[in-house]
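Undergrad: Chain residues, written in single-letter form:
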Amino acid sequence: MARIIIVSNLNYQYPDGTPALRDVSFDVKEGETMVIIGANGTGKSTLFMNLMGVLDGDGHIEIMGLTLTKTNKKEIRQRMGMVFQNPDDQLFCPTVMDDVSFGPLNLGWDSDRAIEASQEALALVGMEGHGSRTSYHLSFGEKKRVAIATVLSMNPKILLLDEPTSGLDPRSSSKFINILYTLKSQGKTLLIVTHDVFLAQEIADRVLVFSEEKRPVATGNYNEILNNYDLLLKNNLVHQHRHRHNEIVHEHEHRHGHSHKH
Amino acid sequence: MKYVHSLLESLDPRSKIISFLAIIFCMILTPITRLKDFELYFLLILGISFFSRITPVQIMKKLCILIPFVFFMAMFVPFVKPGQVCWSLKIGYWKLNVTCEGAWTFLNIVVKSSLSILLLILASSTTNFTDFLKGLDLLHLPRFLVMLMSFMYRYIFVLLEEARRLMRARSLRYFGSRYMEQFRVLGYMIGMLFIRTYERAERIYHAMILRGFSGEIHDIKHFRFSSVDYLFIAGIIISLMCIVSGLIYKMEYIKVSNARLWQGL
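First to last, the protein sequences are chains H and L.
1 is the number of the first residue of the first sequence in our numbering; add one for each residue after it.
1 is the number of the first residue of the second sequence in our numbering; add one for each residue after it.
Warning: the hint list may mix true and false statements.
FRET-style restraints, in silico, Cβ to Cβ [what the hints assert, rightly or not]:
id : chain 1 : residue 1 : chain 2 : residue 2 : range
1  : L       : N128      : H       : E224      : 52 to 58 Å
2  : L       : E181      : H       : S185      : 55 to 61 Å
3  : L       : L145      : H       : Y229      : 57 to 63 Å
4  : L       : N128      : H       : V217      : 28 to 34 Å
5  : H       : K29       : L       : E181      : 57 to 63 Å
6  : H       : E213      : L       : R178      : 43 to 49 Å
7  : H       : E213      : L       : E181      : 37 to 43 Å
8  : L       : L141      : H       : D169      : 51 to 57 Å
9  : H       : G41       : L       : G215      : 32 to 38 Å
Covered stretches of chain L, as calculated for chain H (at least 3 residues, CB under 8 Å) [unchecked claim]:
id : stretch
10 : 85-97
11 : 146-159
12 : 197-206
Which chain L residues face chain H? A few, computed with CB under 7 Å, are given here [what the hints assert, rightly or not]:
id : residue
13 : L210
14 : R211
15 : G212
16 : F213
17 : H218
18 : I233
Keep in mind that the hints were calculated from the coordinates and are not lab data.
Computed from a predicted structure; not experimentally measured.
In this text, a Cβ means the ideal position worked out from N, Cα and C, and glycines have one as well.
Construct the complete structure from the given sequences, taking the supplied hints into account.
TA: In structure tokens, the structure reads:
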């Protein structure tokens, strides 16, 4: 399959000089779901901002055959949508409908087409009929779902999702994963940033591990990565579990949920 | 009948803005000495409120919140404004003079602002804020202002929530400290709020440009002027013209003389 995203030797540092990305290279194939896992502060979100052209790092980024430059950002943003971690940042319009149709209207679509696309997007995330509600009054789970609809209404080929399941209760979370499945079956390429290893297990075709040196250290399918316990421990994705049985202190890996047998 | 009582709610926001602004404009230009005109304005506003779903109690409640501010601002004018003294109060060495000019100014402020506030209450309780903003936008108020108000409306609660979280975090770790210390903490909190607001604004702006924002807000237009809107505006303008031109007094005169006629008969 064709490679839809190619990143090579991407470096970025914050204005104060702190390095955020160091020599990042990877690629994503068309229709693939890649989950990027890494501990806090490993530069995953910064990577997304670089891919979208909001931050300008040094390096080469190619999206759907187009090399990202200052002039073609707009074109790339039509084909690739990003969903922010905090839905309050994503939903800035007074009503849900205004928000979902914001992108299509900016693309210059006429009202009817924009409304149709917005309603389709809302239906896809199970929020049909909520168009006239005020964004502020939605529950957190609903906000998250509307946030993804605001991007879907532009019908992008690639979706970047920043921590899609963080802060969601189990039911909302599994609802959200269902939405991701639907998108995947529609042939969209998904790039998901998370430190939720279980989300990766659910949906990933390929997993990319970011290390605390701010660059990818390993890639492979879910089983390869998750069986490499040393890798996960080194990159702060599982923790060593310590507890006492009388006089003996146990120390063992911890990745099967919170209950386990000895 | 049900339709009549929610007429104001179903009107296009633009027609409400236009007609209410027209009323306020006429009211403000009327000299306060024509007190009778203001009675008529009051009747007109009462008439409008008949077409809405709000009850007099609701109106009174909102009025009671806003009127004290006006009253407080106007309270000192009669004593301060120079002019002919018409009433004075003497307590020992103190002497308070109320001037006629001051009293009229007081009346001017209180009457005009109360009536304007009444209209504002009618407008705000029959239009939801987002529709109101869209109306302003369609009336070609500067885009920048409309966007500013829209963002304020969207994020004021988010900001308040953030401030409340900061306050809570402070009070949970607050065990009493010196007076100056408290000011320092307050300063940190305000600074923190500014930084958070700034960063949030940055993120929102990014979210906007990622969805193709280039300085213009495109809206789905779903307001349409109906015949009811035209009728409403026409009705308001005609009654304003009657009041301003003094035509209505002549009508009243006719009515009164008719009544006398009937009595005579």
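Undergrad: Against each hint, give a clear statement of whether it holds in the structure.
TA: Consistency of the hints with the structure:
Under the hint 52 to 58 Å, the C-beta atoms of N128/L and E224/H, about 54 Å apart, fit the expected range. For the hinted restraint 55 to 61 Å between E181/L and S185/H, the CB-CB distance of approximately 60 Å keeps it satisfied. In this structure, L145/L and Y229/H meet the distance hint of 57 to 63 Å, their C-beta atoms being roughly 59 Å apart. Between N128/L and V217/H the C-beta distance comes to about 52 Å, which lies outside the given range of 28 to 34 Å.
Range check, K29/H to E181/L: about 59 Å between beta-carbon atoms, so the 57 to 63 Å window is met. Look at E213/H against R178/L: about 46 Å separates their beta carbons, and that is inside 43 to 49 Å. Taken as a hint, the range 37 to 43 Å holds for the pair E213/H and E181/L, whose Cβ atoms sit roughly 42 Å apart. In this structure, L141/L and D169/H break the distance hint of 51 to 57 Å, their C-beta atoms being roughly 42 Å apart.
At roughly 34 Å, the beta carbons of G41/H and G215/L sit within the given window of 32 to 38 Å. Given as covered by chain H, the stretch 85-97 of chain L fails the check, having 0 residues with a CB less than 8 Å from a CB of that chain where 3 are the minimum. Counting residues of the stretch 146-159 of chain L whose C-beta lies closer than 8 Å to any C-beta of chain H gives 7; at least three are required, and the coverage claim holds. Only residues whose C-beta sits within less than 8 Å of a C-beta in chain H count toward coverage, and the stretch 197-206 of chain L has 4 of them, enough to reach three; the restraint holds.
The closest approach between the C-beta of L210/L and any C-beta of chain H is roughly 5 Å, which is under the 7 Å cut-off, so the hint is satisfied. Checking R211/L against chain H by beta carbon gives a least distance of about 4 Å; that is within 7 Å, so the hint holds. A least Cβ separation of about 3 Å between G212/L and chain H falls short of the 7 Å threshold, and the interface hint therefore holds. For F213/L, the interface hint holds, the least distance from its beta-carbon to any beta-carbon of chain H being 6 Å, beneath 7 Å.
A distance limit of 7 Å between C-beta atoms decides the matter here; for H218/L the minimum to chain H is near 4 Å, and the interface restraint holds. Hint status for I233/L relative to chain H: violated, with the closest Cβ pair at about 26 Å, above 7 Å.
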